[in-house]
Each structure stands twice: as structure tokens, then as C-alpha cells.
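Q: Chains as they are written, first to last, in the working numbering: chain U, 1 to 265; chain P, 1 to 338.
Everything labelled a hint here was simulated from the structure, so no lab data went into it. Possibly wrong hints are sitting among the right ones.
Which chain P residues face chain U? A few, computed with CB under 10 Å, are given here [unchecked claim]:
| id | residue |
| --- | --- |
| 1 | Ala44 |
| 2 | His115 |
| 3 | Glu124 |
| 4 | Gln126 |
| 5 | Thr132 |
| 6 | Ile141 |
| 7 | Asn142 |
| 8 | Val144 |
| 9 | Gln170 |
| 10 | Met172 |
| 11 | Leu173 |
| 12 | Thr177 |
| 13 | Arg247 |
| 14 | Thr249 |
Chain P is faced by these chain U residues, among others (derived, beta-carbon under 10 Å) [as the list claims (entries may be wrong)]:
| id | residue |
| --- | --- |
| 15 | Trp153 |
| 16 | Trp155 |
| 17 | Gly243 |
In this text, a Cβ means the ideal position worked out from N, Cα and C, and glycines have one as well.
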Amino acid sequence: MASMRTKPHYLLCFLLLAAAILPSCQKELSNEEAQTPDATHDFNIQFNPVVDGDALVFGDTYTNASGEQYTIRAFKFYISNLYLINTDSNKTYAVNKDEYFLVNFEDNSSATLKLKAVPFTYNRISFLIGVDSIRNVSGAQTGALDPGKGMFWTWNTGYIMAKLEGSSPASSQPNNVFEYHIGGFSGPDNALKQVTLSFPLGEDMKLETGKTTAMTITADANAWFTNPNNIQLSVNAVVTTPGPLARQVSENYANMFTVTDIVNQ
Amino acid sequence: MALVLTGALLTESCRKSDGGAPATTPMSFTIPQGFPATKHDFTANPVTKEGFELGRKLFYDGKLSKDGNFPCASCHQQFAAFATFDHDLSHGFNNQFTTRNAPGLFNLAWQSNFHWDGGINNLEVQPLAPITAPNEMAEDINAVVEKLKQDEKYRTMFRSAFGTEEINSQRMLKALTQFMLMMTSGNSKYDKVKRGEETFNIAEQTGYEIFKAKCASCHVEPLFTDHSYRNNGLAVNSFLKDPGRMRITNKKEDSLKFKVPTLRNIYETYPYMHDGRFWNLSQVLEHYSTGINQSNTLDPLLQNKIPLTATDKFNLIYFLGTLSDTSFTKDKRFVQPL
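Just need the whole structure built from these sequences, with the hints factored in.
A: Following this line, the structure appears as C-alpha cells:
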């Protein structure tokens with residue numbers, strides 16, 4: 001009699017245990033953010049403006065791939081939707097999810113992003129140059145997305161993803177200015193570019209608990225003019241609306257970033 | 001005992017709000033009988049009495065313009081159903097004109113896009129366009145925020161509406177939006193007839209029949225627009241050279257297309273069309289019956305114009321008069337605050 005009572009009891013226990021374990025097993029196998037470990041690691045990105053690798057100084061004269069000389073007076077862009085990735089173990093962790101950063105090289109403090117990352121070993125970093133389409137249709141925003149930052153079109157709702165301004169003798173505009181205000185968040189000509197970068201010498205980056213990591217990423221102004229599209233100041237000194245030209249410039253500047261240095265303290 | 005305690009806890013937590021500021025008072029939005037569901041997402045920025053009153057004060061405040069002379073209300077006048085009375089184009093800063101006719105402001109909760117070319121995709125960011133346009137209010141949004149911060153009354157009202165005294169462009173825009181959303185016009189004679197409270201006279205009834213037969217494809221009841229963008233055969237103004245919706249979509253097929261406007265309060269919102277070129281409804285009906293200009297993107301429904309006899313026009317104009325809603329144009333909730 002006693003054995004008849006305990007058998008179903010054990011079966012029930014086993015079933016309950018299985019029910020408890022199985023779902024959690026499934027969670028661990030996926031990359032779902034619901035199971036993301038805490039982002040406890042101080043991870044800072046320093047963006048530096050360069051031209052062909054050399055430090056960019058506003059007002060200095062540079063030459064683009066078409067041989068046109070130019071000086072820069074403004075260089076800024078939005079960074080958002082950041083991820084750190086390990087392609088070997090197929091893990092992707094979001095960094096500072098739902099946050100938007102306006103890197104403005106006129107203001108050095110904005111070029112340093114102080115972020116929090118999940119301690120892990122990574123071999124890629126990915127981020128969006130610009131503001132994703134959802135935010136572009138979500139009404140009034142604040143902080144880095146405040147329209148007072150000068151990166152928002154009031155007559156054709158949408159953010160300017162990246163801005164490059166300056167002057168060049170090749171430009172036929174008043175005062176020889178050139179202005180690239182690149183935007184457009186929807187349709188085939190959208191200028192949204194999610195870029196993925198590897199690290200110097202193709203090496204991994206290990207973020208360890210208790211340490212701080214400083215990554216340096218250069219942004220090359222010359223990239224705006226070439227590869228894959230040939231953009232010439234003499235032909236197109238002004239791009240300030242969404243469309244095919246803006247898309248072409250965004251395809252170029254998607255290649256402007258290089259991770260040049262990683263320091264783990 | 002447990003129930004009493006729970007009840008007490010619940011009421012206490014309902015009364016509390018963040019930062020110790022008093023809780024806001026929700027303002028309910030009423031959908032007029034027969035109207036479809038709204039397009040606007042009310043959950044993102046719920047309308048409260050405090051937000052509405054702040055929005056009203058902002059709407060009438062010249063501070064939002066560069067020289068103080070151009071509040072929103074200078075072009076959006078309540079007695080004209082919040083259009084600009086008697087103006088094809090409106091006046092802006094430094095004796096300049098706007099480039100398009102100011103539309104009446106009402107029933108905005110049923111729109112997804114704003115402006116004649118639909119270039120604004122969310123009501124919250126619409127005010128930025130006139131505020132920063134150099135020929136309109138001509139101000140810098142950061143300068144507006146600074147002016148508001150200097151004003152003690154605004155600091156108090158921002159605190160009431162949003163919990164803290166922080167003033168930024170987002171809060172200002174949300175308050176303005178709450179005010180504008182409440183502007184509903186759904187109590188004209190036409191609406192009363194639809195509700196069985198009144199009847200059309202002979203001219204109005206005849207006009208209504210003609211309307212349903214010849215105008216309602218684009219001016220769909222009860223909002224009297226289908227919110228689509230169409231080329232209604234207006235010849236291009238050689239000075240303004242307005243390409244319409246194409247400016248926003250970059251698509252050739254959108255050339256010269258403008259939003260179908262509502263016909264509600266049409267008597268109050270003259271002159272008509274995106275550039276205000278028609279000063280009365282007779283001219284409008286003349287255009288539709290004999291004036292249509294051919295072009296690549298002319299709306300298919302207008303290829304053969306809209307044949308209307310003089311009697312048709314007479315009756316139509318009578319019917320259109322039933323769309324005037326004085327309960328809206330005289331609604332004290334929307335008047336200039338003291």
C-alpha cells in the first residue's frame with residue numbers, strides 16, 4: 001500500500017522539476033535580452049575626428065579624393081542602438097539600450113561616450129549612425145534628441161543623422177560653403193546605417209568585471225566623399241533633404257569609422 | 001480588516017505622485033457621435049487639465065515668436081475656426097508672408113499627418129515648423145525655452161502639468177499638443193440633423209444630395225475629408241511654384257498633390273485652397289465645374305470636371321453652411337486666457 005502512494009508522488013515531483021528546469025534551459029540557449037546579464041562594466045568610447053588618419057582641425061585645409069580642397073566648420077552625428085558582439089559564440093549584448101548620443105566635434109565632452117557593458121569577450125562593436133525610424137515618428141523628444149540641438153527638420157519631420165559643413169573653393173554656393181545634412185529614415189533612400197566594426201589587429205576585447213575599458217574610434221571626414229559613391233563639392237555642395245543623394249553620402253560615411261585603440265585598465 | 005487596509009493603501013498610492021507634486025487631473029476626450037476612431041495615440045501624452053491650460057497659455061503667447069508679435073493665435077484665430085480670417089497667406093515676422101494658407105485647427109486627433117503636404121508625422125512636432133520658420137514666428141526653439149524659464153507663471157504651470165519646474169522643448173510641445181487635440185468640431189447643424197435633432201431646409205437638403213453624389217468621394221463624411229493627397233486641377237502659381245506633396249516624398253507621382261481639406265467650418269475658413277486663391281465658394285465651384293487644369297497627376301475623379309448647374313451650386317453652398325459649428329468657434333475653453 002505504501003509503495004502505491006509514493007510512486008505517483010515521485011512522478012509528480014519529477015514532472016514539477018522538469019517543468020521548472022525545461023523553460024529556463026530554453027531561455028539560456030537563446031540570445032534574448034530578457035536573460036541579459038547585468039551591464040556592470042565601465043566602457044567608454046572616445047570619438048576622434050580625422051582626415052585620412054590624421055587628426056582633423058577645424059579651419060585647416062584638407063583635400064578629398066577628387067582633389068578638392070576644403071575646411072571643416074561642423075562635424076556631428078547621432079550614435080545609437082549600440083551592441084557588442086562575439087561572432088564566435090554568437091552572443092550580442094545591447095549597450096545603453098534606447099539611449100541616443102550626439103557626437104559633436106565642436107564640443108569635446110560630447111565625443112566621449114560613457115557607457116555600461118556586460119562583462120564578456122567581444123570581437124565586434126555595432127551601432128547605428130543616426131536615429132532609428134521609430135523615434136522619428138514618436139513625437140517630441142528630449143535630451144540629445146531635443147530639436148534645439150539643430151539636428152531636426154521641422155518641415156519634413158525627421159532627424160538629421162549626420163552633418164558635415166565647411167567651405168571649399170570648389171563650391172559654387174554663397175561664401176563657398178558646403179553643407180551635408182544627411183537624413184531620411186524611411187523608404188528606399190533612407191540614410192540609416194548600422195555599422196559593425198572589428199578591433200585592431202582583428203583581436204578580441206575582453207571586458208572584465210572591475211576594470212574600465214577605453215575604446216578609441218576615429219571618424220574620417222574624407223570618407224564622406226568617396227567609396228562607394230563619388231561625391232564632389234563642385235557638383236554637390238549642398239545635400240539637405242532626404243533622397244538618393246543623401247543615401248549615397250550615407251553609404252560613404254558608413255565607412256568613416258575605425259577602431260584604433262582599446263585600453264583595458 | 002485586510003480589505004480595509006488594502007483599500008486604504010490603494011487610495012493612498014493613487015493620490016501620491018512622483019516628486020511630491022500634486023497629481024494631474026485627467027481631461028476626457030469625447031468622440032462625437034458618428035465619428036470614427038481617432039488616429040492619435042493618447043497614451044503617449046495623456047490630456048490633463050493642467051497640460052491643456054499650459055498649452056492654451058502657450059498658444060496665445062507672443063513669446064514663442066522672435067519679436068513677440070506672432071503667437072500661434074495670430075494666424076490661428078478661433079472665430080475663423082482657428083484659420084487666418086480673411087487672408088490667403090498669413091503675416092509673419094518682418095512683414096513677410098507665409099507660403100501657404102493657414103488651415104483651420106480642429107479634429108486634429110483624426111489626422112496622422114499635418115500640413116498641406118503632410119510633411120509632419122506627429123502633432124507634437126508640428127509647432128516647431130512655424131516657430132522656427134524665418135518668415136513666420138522666426139524664433140530659435142532654445143530661445144523660446146529660455147524665455148519661458150524666466151517666467152514664474154510658466155514655471156508654476158510646468159510644475160503643475162509635468163511634476164517639476166523643468167522647462168524644455170518636449171514639455172512645451174506636449175502641452176501645446178494637449179490643447180490642440182481637444183479642439184473637436186462635431187456639433188454643426190449637419191451633425192444635429194444626423195442626430196435627428198434638426199432638419200435641413202429645402203436648399204440644404206438638395207445641396208446635401210448633390211454633395212453626396214459629386215463631392216463625397218474625396219470629402220468623405222463625417223470628417224469631410226479622406227485625408228488623402230490629390231491634385232485637384234489647380235494651375236501652378238508661377239510665383240509660389242509649390243510642388244505639394246512631392247517635396248516630402250520625392251516621388252514624381254506626388255507632384256502638385258495637396259491634402260484634401262475638411263469642409264467643416266468652411267464658411268469661416270475662407271479663402272480656399274493651399275494658397276488661398278479662391279475668395280468664396282462660388283469661385284471654388286466654378287473651378288470644379290469649368291476650371292480644372294490638366295496635368296500628369298490630375299486626380300482621376302476630376303478628369304471630366306464636376307458638372308454643376310447654377311442651381312446645383314446655389315444649393316451646395318447652402319448645404320456647406322450647415323457645416324459651421326458655432327459651439328466650437330465660441331467654445332470658451334479655447335479662448336485667450338486672462
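Q: For this structure, which hints from the list above don't hold up?
A: none
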